[in-house]
Amino acid sequence: MPETTMTMAAAINSGFHCAMEADDKIVVLGEDIAEPIGGVFKTSKGLSTRFGERRVRSTPIAEGTIAGAAVGLALGGYRPVAEIMFFDFVTLTLDQVLNHAAKFRYMSGGATPAPITMTTTIGTSHFGAQHAQSLEAWFMHTPGINVVMPSNPVDAKGLLLTCLTSPDPSLYIQHSALLYSRKGPVPEEYYTTPLGKAATVRSGRDITVVTYGTGVGLSLEAAEELTGSGIEAEVIDLRSLMPLDFGTVFESVERTRRCVVVHEATQFLGPGSEISSRIHENLWGELLAPVGRVGAEFTPVPFSKALTNHPTVDRVVKKVQELVC
Amino acid sequence: MPETTMTMAAAINSGFHCAMEADDKIVVLGEDIAEPIGGVFKTSKGLSTRFGERRVRSTPIAEGTIAGAAVGLALGGYRPVAEIMFFDFVTLTLDQVLNHAAKFRYMSGGATPAPITMTTTIGTSHFGAQHAQSLEAWFMHTPGINVVMPSNPVDAKGLLLTCLTSPDPSLYIQHSALLYSRKGPVPEEYYTTPLGKAATVRSGRDITVVTYGTGVGLSLEAAEELTGSGIEAEVIDLRSLMPLDFGTVFESVERTRRCVVVHEATQFLGPGSEISSRIHENLWGELLAPVGRVGAEFTPVPFSKALTNHPTVDRVVKKVQELVC
Amino acid sequence: MSTQTPGPSHEALKRMYRLMLTTAVADQKSSAEAKAGRLAAAFYPVRGMEAVCAALGEVLRSEDRMVSTYRNLGDALAKGVPLRSIMAELYGRVDGTSRGKGGPMHLQDQSVGFTATTGVVGSGMPIAVGLAMAAQLDGGGSATVVTFGDGATSIGAYHESMNFAALWNLPVVFVCQNNQWGEHTPIAQYAPSTELAQRAASYNMPTVKVDGFDPLACLAALQSAVDRARRDEGPTFLEFVHYRLTGHTGTADYSYVPKEELAKAMERDPAPTFRKWLLEQSIFSEPEVEAIESEVRTYVEDAFSYAESCPFPAPEELYTDVFADPTFVRSLSDA
Amino acid sequence: MSTQTPGPSHEALKRMYRLMLTTAVADQKSSAEAKAGRLAAAFYPVRGMEAVCAALGEVLRSEDRMVSTYRNLGDALAKGVPLRSIMAELYGRVDGTSRGKGGPMHLQDQSVGFTATTGVVGSGMPIAVGLAMAAQLDGGGSATVVTFGDGATSIGAYHESMNFAALWNLPVVFVCQNNQWGEHTPIAQYAPSTELAQRAASYNMPTVKVDGFDPLACLAALQSAVDRARRDEGPTFLEFVHYRLTGHTGTADYSYVPKEELAKAMERDPAPTFRKWLLEQSIFSEPEVEAIESEVRTYVEDAFSYAESCPFPAPEELYTDVFADPTFVRSLSDA
Ligand SMILES: Cc1ncc(C[n+]2csc(CCOP(=O)(O)OP(=O)(O)O)c2C)c(N)n1
Ligand SMILES: Cc1ncc(C[n+]2csc(CCOP(=O)(O)OP(=O)(O)O)c2C)c(N)n1
Ligand SMILES: [Mg+2]
Ligand SMILES: [Mg+2]
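Just so you know, the sequences run in chain order D, U, G and A. With my numbering, letter number 194 in the first sequence gets 194, and the count goes up by one each step, no holes. In my numbering, each number is its position in the second sequence, counted from 1, plus 325. In my numbering, each number is its position in the third sequence, counted from 1, plus 650. In my numbering, each number is its position in the fourth sequence, counted from 1, plus 985.
If we strip away everything but chain D, and leave its shape as in the complex, we get (with noise of 0.2 Å):
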């Protein structure tokens, strides 16, 4: 396939273009999404010119009806895709998301599922509490919704794909650190990343990173800096957080015995807590140290760059010698 240099952004937006030419029941919702803006990261950008604004309609400013509006266009046999500009307002769309989308499917024995996906960004400290948080436990502790999270381009198209074309409700988070940032080749055609498989980014021997998103790049560094005390590590990015991966966790830190969980969401009852406490009923009697977590500490995300509550290398790097020495 023909591939192009993109940004995870423009990956993004060939993802939609993709989408969108391959199956024309699928329509987005959000805020300033149409042109001339093209949504304020830039994803939708041309898609309202090319598909028209009654399948890219900018909204109102009202999450709870973005979200309730995809619900009903997926009961009504339509792929739509709710955008959420910062992961932060998905509260206003819990009871739409949680209460309704990802129980049709259950609470119609089958036969009402209601397969949105919804798009939202995590944005970072220079916006300040409100508009940083990342809440994917959340979604994951909820039965009945996929949960993503790519942390390169290829992934963020391929794993776009798959939310629009699974038969699941899906949360789609992209994190606004990454979206610029992140470049890389990308196939310029229609293809999909799978759900519920992890990607082993780099491996060791000596223990095992299991991250997603922005803890991707960071632990890659991290096991860089390690290869000078000697240390090893494989580094897994799970992709998908809604189904997991555990079947390439668990090979992994079989053969590592070693493991930590890296991830920019609170570690208190963080995604790593429920890999950690798998990790310890699957594989008892073979660890070799406990399973660690480096996760955000337990603070609203503070806004002066003096501050910061997130993963660093350094924190990556410190509870990594901790468990192999």
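Hint data in this document are derived by calculation from the structure and do not stem from the laboratory. Hints are not guaranteed to be accurate.
Here are the simulated DSS-like cross-link-like pairs (lysine-lysine), alpha carbons at most 25 Å apart as the crow flies [unchecked claim]: (1) U:K367 - G:K685; (2) U:K630 - G:K685; (3) D:K305 - A:K1020; (4) D:K42 - A:K1020; (5) U:K630 - G:K679.
Could you slot chains U, G and A with the ligands onto chain D? The hints should help.
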């Protein structure tokens, strides 16, 4: 102190009376809470007559603004209670409660704490999947809000009074399956049950069962059954989930060297996953088995009485036997 | 009772009476079963709404989609959901509309356009907005109807949905069932203005206040709103004013309801009032009416016995329908 | 420019011009710093709103509480928050209004009744409802003011709050800053009716549409709404129509804004227009105006240099202010 035998609902009602008598800044907002109804669970019985409709207001059906008005009242120097009828409906309040109340102290550098108390009730499967969720994990994962869940009348009153005097916002969770079934002697006077202090409700040497809410009765039943096979289980009622009394948990598990966490919340990324992870991290090398977890299976709450995804006495017994054998 | 030209046909009047009565009888039996403890489910009676439901039944076709609430028995019957499936769901049986997994608040029947019901006040409205968008994208010709109570007009979802519908001129009919109570609180206590149709007019869509106890008035109002939607001319808000003739749930105390108010409303109890009118107008003879009544009673009895005879869902059903593919969910379970 | 009897005093006019200019100058400098990359924060300009803010400053007292948004610079200055503290917050310094932990979207100053700001559209309104309840419980005599944009009228919280305020006759003033854009989407594209004051009238409260470029019209409308609140006579909705004279944020592209529309609005740019009027009416002489201007420039420059000279919060501040007692949070940390 003189005591009366009360249901949990009556104990909560008694707590409201004591609190509102002691502090005229306490105001209560919620649907149908004023007389003649006194709340659909009768927990606010008599309050509007005794303290007036200005302090005990039946509101329009608008959970977001019930919560938001409570936040405003708190910023205005009051001690508001926002009653949200069913836990599932907190989905409509999360912007106010988790983006605002829980972060207002932090985002203002300490200037604007917002000590609201949100009370809510977990329903049962009789109401179906939209009235029976246990969502405490979402709140525990989000820094800035206390989370309590009593399992008996004495704690129900004491924890309510604690929330109503805490400098921080609190989520107070009651369970409809306990409100009228659990009876016990409750002091008539004002008293508080401390935050972050678990109660050891049964002593045992072989395994520690960490639980709260409906899990307590269930675990005590399981413990009785287990004596038959010679297993003595210690049962810890956490009572407060944020802050969480890890000290009591670790001290017990250090002795028993085995642990299972039981709760009605979904097991996957439920409170038990954090507790399990921390036990492994802190008591590495001292455990005789991995920490077990018994929570709800990964499904919405099914309606039919033929199906249940909740923990049962059997499941707890089986899990303990598996860990102790 | 209002009349109009041309009035509904003889057959239509018969269907309407049958539907009103079926609704009332099935409702009363459900409440009785719940009170007796034989029906272990939250049941929300629809007594008082029979006229509106009968009109919905007469006006709507299968391709029109409806979103309803927990108070859905009359809506489901109006849309043509078999009472057997409804009752089997209430009893948690696998032959219920939702395989027993949803329960009374979550009836559905895609074959007749009874698309979804929700237990969360107001939440059906955004979903109806989306369904109407789908209908519009499909090329129009059908109506989406969403039912909700007077209390639901307080919630944000109502506002957002009315706004979306007006903005995009969506083929949706907002059917507000004003029974004058929001759970246990009377409308005058929670609303600064009790004139709901008048308030809704601020959304720039036609709004009509209708006597919800009058089946022919209901029929006329619904017909023109639904026709408007079918012609893709945009949304309509209809306020049907009637009264809740029972408690909020099948088992709830309602001693707080003012006696005279209730008695006055009871005088307009839709099914008996319509019966009287049908006889007075000599539209039907007493034996004809009695024939309908005995037919209805048999239909209802049959549905209850059917429901109780149906099997429960098998244990494995716990894990299916979470996702299309049950593998991952199954893999998480110890059982 | 509207005039009224008795008009504002000479001193009042001076204060208003000073406030308008301070707002405009500090705003422009903040945007410039953000564009230059020296201010690493999302900054939301207030250019176009200076007249409304000046009126707010003139009408409100410390005991009146205000809830504002991300677009809060003018509101904060109107309420009397020192520009030094504001700027220190924008630069993430410990001497900022929020110890640098909140950032530009989360200014506050309890000493002057600048109670809270929120970055979530519409979320200030329910909070203002609660503050107004508190004021009412306290015995009244003060007003709660909440500011928000035109776009915020689409969201559920707006509806719910208007309804609560009307129902309970709360002493709150809803100040809708209609700059005719909801982020990058023009009002006519997201609202079925652009007459916001007219729409709001359905809530049974007085609503007024005001020329938001005219400081004296703003003053009159605000004064009567605030007086009404202080007398505990209930809520008022004020729509101030003006125009966004910049991009949505300090760094955002706004080439999509129709050139003529913007040019027309620019002709009414509040501070220069008011200056011209003050001179034309011979209220102030040119040297008097210039004295104010130089004073303002010094004030703004000082605030920026102060901010950049302030220390950052100490690392331990990460863990404080999550709860009143930092012990538990600290115990969870490895650090
Ligand atoms: C969001 C939400 N809040 C509260 C409830 C609990 N509740 C169930 S029915 C009801 C009353 C609704 O009143 P109305 O809309 O008038 O409908 P009615 O029940 O009278 O038909 C309430 C408050 C709910 N189901 N959903
Ligand atoms: C609930 C929510 N949705 C989306 C946003 C992103 N956003 C920030 S400002 C804005 C536009 C708001 O428009 P308006 O209310 O008119 O205020 P203005 O910015 O024009 O002052 C949007 C959509 C947000 N902050 N909160
Ligand atoms: Mg009602
Ligand atoms: Mg605007």
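Going down the list of hints, with the structure as the test:
Note on U:K367 and G:K685: the hinted pairing holds, with a Cα-Cα distance of about 19 Å set against a maximum of 25 Å. Using a Cα cut-off of 25 Å, the hinted pair U:K630 and G:K685 holds, with the two alpha carbons roughly 18 Å apart. Simply put, D:K305 and A:K1020 have alpha-carbon atoms about 18 Å apart, close enough for the 25 Å limit, and the pair holds. Using a Cα cut-off of 25 Å, the hinted pair D:K42 and A:K1020 holds, with the two alpha carbons roughly 19 Å apart.
Of the supplied pair hints, the one linking U:K630 and G:K679 holds, its CA atoms being roughly 21 Å apart against a limit of 25 Å.
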